[in-house]
Amino acid sequence: DQQVKQNSPSLSVQEGRISILNCDYTNSMFDYFLWYKKYPAEGPTFLISISSIKDKNEDGRFTVFLNKSAKHLSLHIVPSQPGDSAVYFCAASALNYGQNFVFGPGTRLSVLP
Amino acid sequence: DTEVTQTPKHLVMGMTNKKSLKCEQHMGHRAMYWYKQKAKKPPELMFVYSYEKLSINESVPSRFSPECPNSSLLNLHLHALQPEDSALYLCASSQQLAGVYNEQFFGPGTRLTVL
Numbered sequence: 001d002q003q004v005k006q007n008s009p010s011l012s013v014q015e016g017r018i019s020i021l022n023c024d025y026t027n028s029m030f031d032y033f034l035w036y037k038k039y040p041a042e043g044p045t046f047l048i049s050i051s052s053i054k055d056k057n058e059d060g061r062f063t064v065f066l067n068k069s070a071k072h073l074s075l076h077i078v079p080s081q082p083g084d085s086a087v088y089f090c091a092a093s094a095l096n097y098g099q100n101f102v103f104g105p106g107t108r109l110s111v112l113p
Numbered sequence: 001d002t003e004v005t006q007t008p009k010h011l012v013m014g015m016t017n018k019k020s021l022k023c024e025q026h027m028g029h030r031a032m033y034w035y036k037q038k039a040k041k042p043p044e045l046m047f048v049y050s051y052e053k054l055s056i057n058e059s060v061p062s063r064f065s066p067e068c069p070n071s072s073l074l075n076l077h078l079h080a081l082q083p084e085d086s087a088l089y090l091c092a093s094s095q096q097l098a099g100v101y102n103e104q105f106f107g108p109g110t111r112l113t114v115l
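First to last, the protein sequences are chains A and B.
Under our numbering, the residues of the first sequence are numbered 1 to 113, in order.
Under our numbering, the residues of the second sequence are numbered 1 to 115, in order.
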């Protein structure tokens, strides 16, 4: 049973518009969440994180929103650029996981010029 | 140096072969990880080393044998693998700061094919 879900396997967005990637989790013990970006033939690259004590974290064009009651988080990319085209993984962790991360299945984002 | 390097990039091996995957980082990280990733699936944790000691083994078959010779190096020894073990093997490292979560830095992976 997947504890971290990304229900959209793919997403296409026009350059300059907003990209919204969604992630849901089932384990209420998760208290730290990350987004990773992965290009083909490369390892995942850390993008942004959020702790459960916050509901928003912003870094440049990237903002992550956390809704604990809904067990839902989302990554907003504004404005989207063609270089953002990649697979985005949501990951979650809890203290009883030894701070190790459980990854979602990923969403492939395509930003069209 | 903020890189995690992995060698080889690609490996093809038969079911009777013995091979090793190598991972190296020079960021002073004291935690190192092996993940396995199948196509269109998320990375799955295999092993975690903390301060050169194996701290987590996620019920991985014994045909995979990890080794951490020192704080910068992590090996994965492979023996008698099955075709279903074909996957991308990712190495990662992180700090081990107490009381905070530490993001993991990933290498580019080794694409393994077992014939």
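Simulated from the structure, these hints should not be mistaken for laboratory data.
Quick caveat: nothing in here was measured; it's all calculated off a predicted structure.
Keep in mind that a hint or two might mislead.
Pair ranges (Cβ atoms, derived) [unchecked claim]:
#1 28/A x 95/B: 23 to 31 Å
#2 17/B x 2/A: 28 to 36 Å
#3 27/B x 95/A: 40 to 48 Å
The beta-carbon is built from N, C-alpha and C at its ideal position, and this holds for glycine as well.
Structure-based check of all given hints:
The given range of 23 to 31 Å is respected by residue 28/A and residue 95/B, whose C-beta atoms sit roughly 27 Å from each other. In this structure the hint that residue 17/B and residue 2/A lie 28 to 36 Å apart at CB holds, the actual value being about 33 Å. With their beta carbons about 24 Å apart, residue 27/B and residue 95/A fall outside the hinted range of 40 to 48 Å.
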